[in-house]
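Assemble the whole structure, with the sequences as input and the hints as a guide.
Protein chains: 2
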Amino acid sequence: MAERGSAEDRLIARYFKPLATAPGALGLTDDAAVLTPPSGCDLVLTTDGVIAGVHFMPNDPPGLIARKVLRMNLSDLAAKGAKPLGFLLTVALPESIEETWIAAFAKGLGEDAEAYGCPLLGGDTDHTPGPLSATVAAFGTVPQGKMVRRSTAKPGDVVVVTGMIGDAALGLLKQKDNILQKRWQLSVEQSDHLKVRYLLPEPRTALAEAVLQHAAAAMDVSDGLVGDLAKLCHASGVAAEVDVSRVPLSDAAQAALAADPTLIETILTGGDDYEIVLTLAPQRFDAFRAAAQKADVEITDIGRVVAGEGAQFLRNGNALAFAHRSYSHF
Amino acid sequence: MAERGSAEDRLIARYFKPLATAPGALGLTDDAAVLTPPSGCDLVLTTDGVIAGVHFMPNDPPGLIARKVLRMNLSDLAAKGAKPLGFLLTVALPESIEETWIAAFAKGLGEDAEAYGCPLLGGDTDHTPGPLSATVAAFGTVPQGKMVRRSTAKPGDVVVVTGMIGDAALGLLKQKDNILQKRWQLSVEQSDHLKVRYLLPEPRTALAEAVLQHAAAAMDVSDGLVGDLAKLCHASGVAAEVDVSRVPLSDAAQAALAADPTLIETILTGGDDYEIVLTLAPQRFDAFRAAAQKADVEITDIGRVVAGEGAQFLRNGNALAFAHRSYSHF
Numbered sequence: 386m387a388e389r390g391s392a393e394d395r396l397i398a399r400y401f402k403p404l405a406t407a408p409g410a411l412g413l414t415d416d417a418a419v420l421t422p423p424s425g426c427d428l429v430l431t432t433d434g435v436i437a438g439v440h441f442m443p444n445d446p447p448g449l450i451a452r453k454v455l456r457m458n459l460s461d462l463a464a465k466g467a468k469p470l471g472f473l474l475t476v477a478l479p480e481s482i483e484e485t486w487i488a489a490f491a492k493g494l495g496e497d498a499e500a501y502g503c504p505l506l507g508g509d510t511d512h513t514p515g516p517l518s519a520t521v522a523a524f525g526t527v528p529q530g531k532m533v534r535r536s537t538a539k540p541g542d543v544v545v546v547t548g549m550i551g552d553a554a555l556g557l558l559k560q561k562d563n564i565l566q567k568r569w570q571l572s573v574e575q576s577d578h579l580k581v582r583y584l585l586p587e588p589r590t591a592l593a594e595a596v597l598q599h600a601a602a603a604m605d606v607s608d609g610l611v612g613d614l615a616k617l618c619h620a621s622g623v624a625a626e627v628d629v630s631r632v633p634l635s636d637a638a639q640a641a642l643a644a645d646p647t648l649i650e651t652i653l654t655g656g657d658d659y660e661i662v663l664t665l666a667p668q669r670f671d672a673f674r675a676a677a678q679k680a681d682v683e684i685t686d687i688g689r690v691v692a693g694e695g696a697q698f699l700r701n702g703n704a705l706a707f708a709h710r711s712y713s714h715f
Numbered sequence: 386m387a388e389r390g391s392a393e394d395r396l397i398a399r400y401f402k403p404l405a406t407a408p409g410a411l412g413l414t415d416d417a418a419v420l421t422p423p424s425g426c427d428l429v430l431t432t433d434g435v436i437a438g439v440h441f442m443p444n445d446p447p448g449l450i451a452r453k454v455l456r457m458n459l460s461d462l463a464a465k466g467a468k469p470l471g472f473l474l475t476v477a478l479p480e481s482i483e484e485t486w487i488a489a490f491a492k493g494l495g496e497d498a499e500a501y502g503c504p505l506l507g508g509d510t511d512h513t514p515g516p517l518s519a520t521v522a523a524f525g526t527v528p529q530g531k532m533v534r535r536s537t538a539k540p541g542d543v544v545v546v547t548g549m550i551g552d553a554a555l556g557l558l559k560q561k562d563n564i565l566q567k568r569w570q571l572s573v574e575q576s577d578h579l580k581v582r583y584l585l586p587e588p589r590t591a592l593a594e595a596v597l598q599h600a601a602a603a604m605d606v607s608d609g610l611v612g613d614l615a616k617l618c619h620a621s622g623v624a625a626e627v628d629v630s631r632v633p634l635s636d637a638a639q640a641a642l643a644a645d646p647t648l649i650e651t652i653l654t655g656g657d658d659y660e661i662v663l664t665l666a667p668q669r670f671d672a673f674r675a676a677a678q679k680a681d682v683e684i685t686d687i688g689r690v691v692a693g694e695g696a697q698f699l700r701n702g703n704a705l706a707f708a709h710r711s712y713s714h715f
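For the record, the sequence lines run as chains A and B. The first sequence runs 386 to 715 under the numbering used here. The second sequence runs 386 to 715 under the numbering used here.
Watch out, some of these pointers could steer you wrong.
Copies of the same chain look alike in the list, so a pair counts if it fits in one copy or across any two.
Claimed, not checked - No farther apart than 30 angstroms at their CA atoms in a straight line, the calculated lysine-lysine pairs in the DSSO-like style are these:
# : residue 1 : residue 2
1 : Lys567    : Lys468
2 : Lys539    : Lys567
3 : Lys567    : Lys580
4 : Lys561    : Lys492
Derived from the structure by calculation, the hints contain no laboratory data. No experiment lies behind these values; they were computed from the predicted model shown.
Written out as structure tokens, the structure is:
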């Protein structure tokens, strides 16, 4: 970390240095970190951040905010088939921030850094007159030339998604309007499920190796399945046909959808899923499913890649139309 | 760049994609960038950012803000002896931002990315309810095991700084209080010099190879020479004695100091120099000076590393005492 004055030095030494477990982090006491890249590997680099009031509520638990911003980046790495190597962190803290907040943030961050094998390498802390923000730049490795791209889907490929779609977007809606839990007739467990899925995505790091082995093209679903699959199709110069009835929904999402059928748009175009959408040759599907079972990640065949343009979401043979294809914080 | 919705897509495609000249940036159309690290090299990673109202004035020229944040990171790489490889950019934009601002920001960024051989690899843009901020994570390479550290200075080493010290801190003071140009009896040229040195640091990228070859220890001077040299000494378990009369000052800084001798504290402890302070064995000094001349970078022998603790700044044999050793935005 760039050490700026004693207040920052003290915070870094106390809360972030214990997370800098990689030798190349140099205990956060130098201008930069150093990494020897594994030989025969490419580096995969991504960055994503969160801002209070935009991507999270200022009173969300700090440990969860930290884990979410790291996981957003881990999700990108997993979708590219990359194994995590480490990350840089930038935090901008309002003057009013309590040290207990920083302690809880660092604790959550450290837990996930360890759980996902992605140590803190360095970073930068500053005070800001604005809202709190946290940005991660994360690095992973793939065998040379093997990063899984968006642009390599082929007609005939199966379209697959991991996990469940729509929970996080429903969780955000519900968090903004408490009446919805009742209107959607959710059990306490269902309501909690949606909330957790919004606050704490599950990056599919365990599936990265299988994505690398089998996927023709892949990306992470962070801005809604409809818009993200459309981007993948655009990059690949292909189209996709998705059977909406096969899009995997949790019990909670199914309950909400039964109570309010218009929620299908929120489910399919809302953000923050942090699942992977990928395409693969049909003959690879069984091997991929076996690898996914081993990694304890659910996967679902939701459609096919075809020649043409655009991603169509079909219900009873009719393409759904959406007011907004992607969730945008922008 | 993580593309979030059409407004961001359009901005990225129009203004940032032309900067993504490295093949591994994939035209900013994927979740991540990919790099094949040069064989036999370590990667050097650093991150530093700026926030409006903290590190720059909201009405500073956007092209200069962009160049400064990239240069701050290039300065860290140069101090480590690293050759630039590329960078990730995160920008948080207020809703009120004009597209012309973004165009000018991207133009300045692109000019420096090209000039320093450090292409844009990817990034993230978001809107923020707070002040504008920009964060760069930059990557460089050094031969394996050769990154120049802070912790390897030895008693007997010569202490060297590049360029001139204190200009940027004086430039900031002057920018905050227009009366100072008159009080310091600066010519227009001198006044402009201080302003430019504050707005646009000169990373010593051209000297990185010589630092790598000759330095025992090095760091960039970004938070004031006094505090930064103290950090280097602390990391190395040594002390340093600096002759204040040998610290290199520009004409402008000399004029200001003549008008107000108390400015020595601003000069020595102010931030934003973005020079390099390094130590080297005396027998290496001539070769280093020759390399610096070839790179067209001024260097000055300002003192010696000795056994002990702390960095002393001596004037007529007496150690100066400072109210604040480092400039801190924190």
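Checklist entry - Are there hints from earlier that the structure breaks, and if so, what are their numbers? => result 1 and 2
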